[in-house]
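*Asks:* For reference, the chains in residue letters:
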Amino acid sequence: MIEVTARYFAAFRERAGLDTERVRTQARTAADLYGELAKRHGFADSMTRCKVAINDELADWNVALTAGDEVLFFPPVAGG
Amino acid sequence: MSFKITTAVIDPDARKRELTQSAAGACVTFEGWVRNHNDADMDVRGRATQGAVADGEAVQALEYEAHQAIAEKEGARIVAEAMTRFAVTVVHCEHRVGKLQIGDCAVWVGVSAAHRGAAFDACRYVIDETKARVPIWKKEHYASGATGWVNCATRTT
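Going line by line, the protein sequences match chains A and B. According to our numbering, the stretch in the first sequence is residues 1 to 80, in order. According to our numbering, the stretch in the second sequence is residues 1001 to 1157, in order.
For the record, the hints were derived by calculation from the structure and aren't laboratory data. Beta carbons: idealized from backbone N, C-alpha and C, even for Gly. One or more of the hints may lead you astray.
[Stated by the list, open to error] Pairwise CB distance ranges, derived in the manner of DEER restraints:
#1 B:Ala1143 / A:Ala44: 39 to 45 Å
#2 B:His1141 / A:Thr48: 24 to 30 Å
#3 B:Thr1006 / A:Thr5: 27 to 33 Å
#4 B:Gly1056 / A:Asp60: 36 to 42 Å
#5 A:Thr48 / B:Gly1056: 24 to 30 Å
[Claimed, not checked] Far from chain B, some chain A residues (derived; all Cβ distances over 10 Å):
#6 Ile2
#7 Ala11
#8 Leu18
#9 Arg24
#10 Lys39
#11 Leu58
#12 Val77
Please construct the entire structure, taking both the sequences and the accompanying hints into account.
*Replies:* Here it is as structure tokens:
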């Protein structure tokens, strides 16, 4: 069990009703954590269309999480 | 070369002057404007509009949000890639965030090059990659009062 900080942006933030939360989790990867949090907050977007950043750097979904990480969840982007 | 996220009004004429190079024989710029209707067919990737929002619904304003630090880092990578892939002299991109009105310039790309082919290709590359990769989100405010995040399955109204 590790504790990380999850941060939500745009549609995720509005859906979750919060922008940051501390999460105690058994998730080993960012992908596992997304699965857990998507279920909790009702995020409907497939992970393949979303992005994750860890400690302010874009990261792969399969990267292993470390205690204290700040994990940023980005819904599908729509610039332009 | 540069990639900038800004809350200020984009001034295409001023930005274009930054492209000037004596070696440049071509200049291609792109401006993305806020349009007045929701139009899923115009986007490469589909968007899931749920509830009462239908394609063609009148859009009154757009709100852009970005993670500025990561957006500028990823944007800088895209601009650097364009410099490497195409024979261009200068590449700049600027994307506005905050609340925009119909007709406002949301994104600007400017490229100068010795020849037109590379300038067209690099400009297209930068806008396409920016739309696909940079953490920027767009919320449409409809005439009905509803709002919708473009391209997302999750939405609140």
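*Asks:* Compare the structure with each hint and give your call.
*Replies:* Hint check:
1. As the Cβ distance of B:Ala1143 to A:Ala44 is approximately 25 Å, the hint placing it in 39 to 45 Å is violated.
2. In this structure, B:His1141 and A:Thr48 meet the distance hint of 24 to 30 Å, their C-beta atoms being roughly 28 Å apart.
3. One distance hint, 27 to 33 Å for the beta-carbon pair B:Thr1006 and A:Thr5, holds here, with the actual separation near 28 Å.
4. For B:Gly1056 and A:Asp60, the hinted distance range of 36 to 42 Å is satisfied, since their beta carbons lie about 38 Å from each other.
5. For A:Thr48 and B:Gly1056, the hinted distance range of 24 to 30 Å is satisfied, since their beta carbons lie about 28 Å from each other.
6. Consistency note on A:Ile2: stated as away from chain B, and its beta-carbon is indeed over 10 Å from all of that chain's, at 23 Å minimum.
7. For A:Ala11, the non-interface assignment is contradicted: its Cβ lies about 4 Å from the closest Cβ of chain B, within the 10 Å cut-off.
8. Taking the minimum C-beta to C-beta distance to chain B, about 13 Å, the non-interface status of A:Leu18 holds against the 10 Å cut.
9. Every C-beta of chain B lies more than 10 Å from that of A:Arg24, the closest at about 24 Å, which supports listing it as non-interface.
10. No beta-carbon of chain B is positioned within 10 Å of the beta-carbon of A:Lys39; the least distance is around 13 Å.
11. A beta-carbon of chain B comes within 10 Å of the beta-carbon of A:Leu58; the shortest separation is about 6 Å.
12. Not every Cβ of chain B is farther than 10 Å from the Cβ of A:Val77; the closest lies at roughly 6 Å, contradicting the non-interface assignment.
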